[in-house]
Amino acid sequence: MDARSSLLHARRFKAAEWAFWCLAFAAPALLPSHALMLNEMAIVALFAVSLDLILGYSGIVSLGHAAFLGLGAYSAALFAKFILPDPLLGLCVGVGASLVLGYLCSFSIMRGSDLTRLMVTLGTALILLELANKFGDITGGSDGLQGVVMAPLFGRFEFDLMGQVAAWYSIGVLFVLFVLMRRLVHSPLGASLMAVRDNALRARAIGIHVNGRLSLIYTLAAGVAGAAGALLAQTTGFASLDVFAMDRSADVMLMLVMGGVGWLYGGVVGAVLFKLMYDVIANITPQYWTFWIGLFLVVLMRVGRERLVRPWTWFGASRKEQA
Amino acid sequence: MLTILFDGVAYGMLLFILAVGLSVTMGLMNFINLAHGAFAMLGGYLTVVLSQRYGVPFLLCLPVSFLVTALVGAVCERTLYRPMYGKAHLDQVLFTIGLAFMAVAVTDYWMGSQQQIMQLPDWLRGRTELFEDTPWRLGMGHYRLFIIAVCGLLTLALQYVLSATRFGSQLRASVDDARVAAGLGIRVNLVFAVTFAVGSGLAGLGGALGAEVLGLDPTFPFKFMVYFLIVVAVGGTSSITGPLLAALLLGVADVAGKYFVPKLGAFIVYSLMIAILIWRPHGLFTRQGGK
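Chains as they are written, first to last, in the working numbering: chain A, 415 to 737; chain B, 31 to 321.
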């Protein structure tokens, strides 16, 4: 196989992927009682995939990705409440707001070490949290923004209490954006991003405009996170300050790492696993579930995170590491 | 006016003692330890339990919490942290967040989630007012005065150890370039283990001192992690003067910000940090030439 056809082969949709998405779309009908949870899974999956764009494909460690989720959520909720309750327009508004913020913030992550980036991204999320708290008369402050009522989707499908329409809506948006992102990372642009991630100095030497690429991907990832936030606000009819909290950013990082970094399905798989795990553990010990999450993280990092998604390396492969 | 400055300085000194260990570990091994606050919390709880339940005098509690936390730090360094040094920053961040999660849950389990109340001895409770009728009124809480004194002495001691002893020069050499230092026969691993233990111990001491000022509950590691990281990121990791000045700046800015514009809360601190980091990505006080 020559280089061209092997590259094209890598980006073709595989049968397993078709099966996965068919299953995803069938899930709300098969499990109507879990539609709310499916909806939540689709939203966090979208959020995790957007983090993967910057963490997995461009190597930017961010502890403040929730900033964009929160901005998307608040702008979509405010738009629905005060201007127009149409879901799709609201989604566009959420994405647009996050894109703008992402572009502005992208200049803050160009320089410095991982620690600097960690702090700058974290600081951005915390600043937004403070602002949302400060302008309590618009955002509802610590009580959250309540009374967001959405118009029917496409003017036809009411959002029902069971959450089936919401789940389909979220999964649909996830699918569309996923396909677009999949296209992006398999394009030459995506390849240049990975070159920047692996060695920025050499990437610059072969003529890649490193800062431009970082700015672009950071902006796009912010937009996708904004879409996730908009979905969250629209399907729950509520936006609260905790969308900006650091736990959100840490949780989403954990999901992504569980599923596998640098692999778009990693975000989806990780989100599903994380939600299931959370559900099980929180049922057993509601108060102390963070202990088990922490233990899981520690053990996972200790044995190497890249091995979780590759069960065939669990036994016997540790020899290579010891060597 | 001066009262705010005074409180800010006390707060900053406390932050410095809490964060200096983190700064050195980061500079020495390039290791991002987000669980540093857990050591501070351990020191705080030790002091509260010892002094409230067993009636140990407060002054004795401080060295005890230093020693115990240092010991725990040394054990953790050998067993948990050492294998993580060579890994990517992302792994380190998640590993230490996991440790912090566990520390929070365990503390919650043993001590309950309520805020711990610290009873200070009588001689630390008073307050002295100076220049009372001028605009430059200065009210000094005795406990804050005590904090400034203890932290000031510790800072001088640290500076002495770093600049004038054999161990200090070994440490500085290892921070500048660990590989060359190892090549010259310095046992970098040992230097690091000792530094890590002392840094954890100082965090424990800071937690013990700060239990009354900062408040102590199981979420302590996360609540103050951001502040420690600001100190380290803004101060740079190549010396201890950088973090000291950064901590003082942060303390004064935070206290003043909360006093003058209470609604904006921590907004000022975060904006200041981002502005500084965009301007000087490696911290305000970095030396050229180091690694």
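Hints are computed from structural coordinates only; laboratory data are not their basis. There's no promise every hint is true.
Said to hold, decoys possible - Here are the simulated DSS-like cross-link-like pairs (lysine-lysine), alpha carbons at most 27 Å apart as the crow flies:
1) A:K495 to A:K548
2) A:K428 to A:K689
3) A:K548 to B:K288
4) A:K495 to B:K288
5) A:K689 to B:K253
6) B:K293 to A:K548
7) B:K253 to B:K288
8) A:K548 to B:K253
9) B:K253 to B:K293
Stated by the list, open to error - Computed far set for chain B versus chain A, every beta-carbon distance over 12 Å:
10) L101
11) R108
12) Q122
13) R155
14) F176
15) R202
16) A305
17) F315
Stated by the list, open to error - Stretch-level coverage of chain A by chain B, calculated; a stretch enters the list once three of its residues show a Cβ under 8 Å from a Cβ in chain B:
18) 468-478
19) 529-538
20) 543-555
21) 662-670
Predicted, not measured: the structure shown is a model, and the values here were computed from it. Glycine residues also receive a C-beta, built at the ideal position from the N, C-alpha and C atoms.
Now the hints, each set against the structure:
Of the supplied pair hints, the one linking K495 (chain A) and K548 (chain A) holds, its CA atoms being roughly 19 Å apart against a limit of 27 Å. A threshold of 27 Å between alpha carbons decides the hint, and for K428 (chain A) with K689 (chain A) the separation of about 26 Å falls inside it, so the pair holds. This hinted pair checks out: K548 (chain A) and K288 (chain B) have alpha carbons roughly 13 Å apart, not beyond 27 Å. Among the hinted pairs, K495 (chain A) with K288 (chain B) is inconsistent with the structure: their alpha-carbon atoms are about 32 Å apart, more than 27 Å.
The suggested pairing of K689 (chain A) with K253 (chain B) holds, with an alpha-carbon distance near 25 Å, which does not exceed 27 Å. Distance restraint check for K293 (chain B) and K548 (chain A): the Cα-Cα separation of roughly 6 Å lies within the 27 Å cut-off, and the hinted pair is therefore satisfied. Only pairs whose Cα atoms come within 27 Å are accepted, and K253 (chain B) paired with K288 (chain B) is accepted, the gap being roughly 16 Å. Only pairs whose Cα atoms come within 27 Å are accepted, and K548 (chain A) paired with K253 (chain B) is accepted, the gap being roughly 19 Å.
Between the alpha carbons of K253 (chain B) and K293 (chain B) the distance comes to roughly 18 Å, so the proposed pair stays at or under 27 Å and holds. Under the 12 Å C-beta cut-off, the non-interface status given to L101 (chain B) relative to chain A holds; the minimum distance is some 20 Å. In this structure R108 (chain B) is separated from chain A by more than 12 Å, as the shortest Cβ-Cβ distance comes to about 14 Å. A cut-off of 12 Å between C-beta atoms contradicts the statement that Q122 (chain B) is not in contact with chain A; the least separation is 8 Å.
Against the 12 Å criterion, R155 (chain B) stays outside the reach of chain A, whose nearest CB is about 33 Å from its own CB. Against the 12 Å criterion, F176 (chain B) stays outside the reach of chain A, whose nearest CB is about 31 Å from its own CB. Distance check on R202 (chain B): its Cβ is at least 20 Å (rounded) from any Cβ of chain A, clearing the 12 Å threshold; non-interface status holds. A cut-off of 12 Å between C-beta atoms contradicts the statement that A305 (chain B) is not in contact with chain A; the least separation is 10 Å.
With a least CB separation of 14 Å from chain A, F315 (chain B) remains clear of the 12 Å interface cut-off, as annotated. For the segment 468-478 of chain A, the assignment as covered by chain B holds, since 3 residues bring a beta-carbon within under 8 Å of that chain's beta-carbons and 3 suffice. Note: the segment 529-538 of chain A has 8 residues with beta-carbon separation from chain B under 8 Å; the three-residue rule is met and the coverage holds. As drawn, the segment 543-555 of chain A meets chain B at 4 residues by the rule of a beta-carbon pair under 8 Å; at three or more, the given contact holds.
Requiring three or more residues with a Cβ within less than 8 Å of a Cβ of chain B, the coverage given for the segment 662-670 of chain A holds, as 3 such residues are present.
The structure shown violates the earlier hints numbered 4, 12, 16.
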